[in-house]
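Trainee: So you can see what is in the structure, the chains are spelled out below.
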Amino acid sequence: MKVAISVNGSQVGADVEDRTLLVHFIRDVAGLTATNTGCDTSSCGACTVLLDGRSVKSCTVLAAQADGHEVTTVEGLAPGPDQMHPVQRAFRAEHALQCGFCTPGMVMAAVSLLAENPSPTEEEIRSALEGNLCRCTGYHNIVRAVLAAASERGGS
Amino acid sequence: MIPAPFTYRRAATVDEAVTLAARGGEDVKFLAGGHSLLPLMKLRLVVPPELVDIGGIGELSHISEADGHVRVGALATHDQVAGSALLRRELPLLAHAAGRVGDPQVRHRGTIGGSLAHADPAADLPAVALALGATLVTRGPSGTREIAAGDFFTGLFETVLEPGELLAEIRFPKAGPSGWSFQKFTKRGIDWAIVGVAVAGDRVALVNMGPTPLRARAVEDALASGAAPDEAAARAAEGTSAPEDLNGSRAYREHLARVLVGRALGEARSRR
Ligand SMILES: Cc1cc2nc3c(=O)[nH]c(=O)nc-3n(C[C@H](O)[C@H](O)[C@H](O)COP(=O)(O)OP(=O)(O)OC[C@H]3O[C@@H](n4cnc5c(N)ncnc54)[C@H](O)[C@@H]3O)c2cc1C
Ligand code: FES
Ligand code: FES
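Here the protein sequences line up with chains A and B, keeping their order.
So the first sequence is residues 1 to 156, counted in the numbering used here.
So the second sequence is residues 1 to 272, counted in the numbering used here.
No lab work stands behind these hints: they were computed from the structure.
Any given hint could turn out to be false.
To be verified - For lysine to aspartate or glutamate, the following DMTMM-like pairs were computed, each having C-alpha atoms within a straight-line distance of at most 20 Å:
1. Lys187/B x Glu254/B
2. Lys42/B x Asp18/A
3. Lys187/B x Asp28/A
4. Lys2/A x Glu50/B
5. Lys42/B x Glu124/A
6. Lys187/B x Glu146/B
7. Lys29/B x Asp18/A
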């Protein structure tokens, strides 16, 4: 079927199989490969993107379901070249990544949280990231980064 | 992993969904949030030839009040239900339980109607619907039906829904000032309940203690005849047939049910 999705503000149209998953549309059709597939079973959150501004696991959404909607991936966050989104900046400053595999999904989950709740408590951050697994960091620095991003945005 | 090939169709209205499903035949499946169906299709445990996507039907995501009832459209997401000011005021049990389903990404997509229609015995909202005495309103080729939650679930992943029959709305009587509690026992944050308990007033329902969500009748009867909460909770496993799996034996779940019902009754009383 013909699908047209706004990905990071650009319209991406293609004729795809009905069963195409959104994550494959993003990686193979739109050519944006930051979004990872980890578990492929809706558990790890590595594939998290924003669909109409809210976090979703793109391995568990059909491209057809996103037809006519807006998708944001981690590539679409920075306001310009050589710039970073506050959450990206905070992840770097707080050492919130090691191998980086979970990071694109983790950042998008954090961005979605901060859109819904601009000043979350540590507890709220931990429960908002329940759907994102990280095998490396032990989570503490990730939580610190989200707290830092929240206070940077609150302060600016 | 990708699902086996299928034909995707999208319905814009309830009428269109019912017509498309009827035309497609017995094995057509409705697609709501896709958060139970797509994982099963990716594992090829379910292989429908055709999906009718009802996710875009705007008329089915309402949450509103009408004559002593709260009406929730089948496509209201867990996130919408958890965040609804009306539900937090009138049916805090439902709002709270919806906020404990899965993780934020799951709650952004998964719907209350999908959760009830899927009828997973480990799911949270079917037991909540039982505890709250919900009525399920369906639309199908042969018209509209109103089905009491207590009559809806018939077996493991089985309901009285007929092929092509759409769950449109869930109606809840307003709970009034009766106490409530929701207990969900998991080993990790995102897991499904090993056992769960929903209490609304004097109704007690159990998650994952049998092939369907169950009312804990022995507990309710004991309470009705004046038993203390602890005494009543001791009867929580009567009439259940809990599954045995990696998360626990039947005996372990029966023990959990007694403990959690005890906690739930205590918490519900404190909220009266
Ligand atoms: C990682 C993960 C964790 C989860 N954790 C939990 C949890 O802790 N607790 C919990 O309760 N659930 C959990 N779920 C399941 C989640 O709540 C699902 O959203 C829900 O079970 C199904 O809703 P859906 O809208 O996604 O339905 P879909 O997946 O679209 O559909 C499910 C089934 O119901 C049918 N259906 C859907 N809507 C209708 C309708 N309106 N009328 C008739 N038939 C319909 C479909 O044909 C299909 O057979 C989890 C899911 C995932 C992926
Ligand atoms: S790849 Fe989607 S949740 Fe793991
Ligand atoms: S940084 Fe390696 S998985 Fe999170």
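Trainee: Mind listing which of the numbered hints don't hold for this structure, in increasing order?
Mentor: Hints 3, 5, 6 are the ones this structure does not satisfy, whereas the remaining hints hold.
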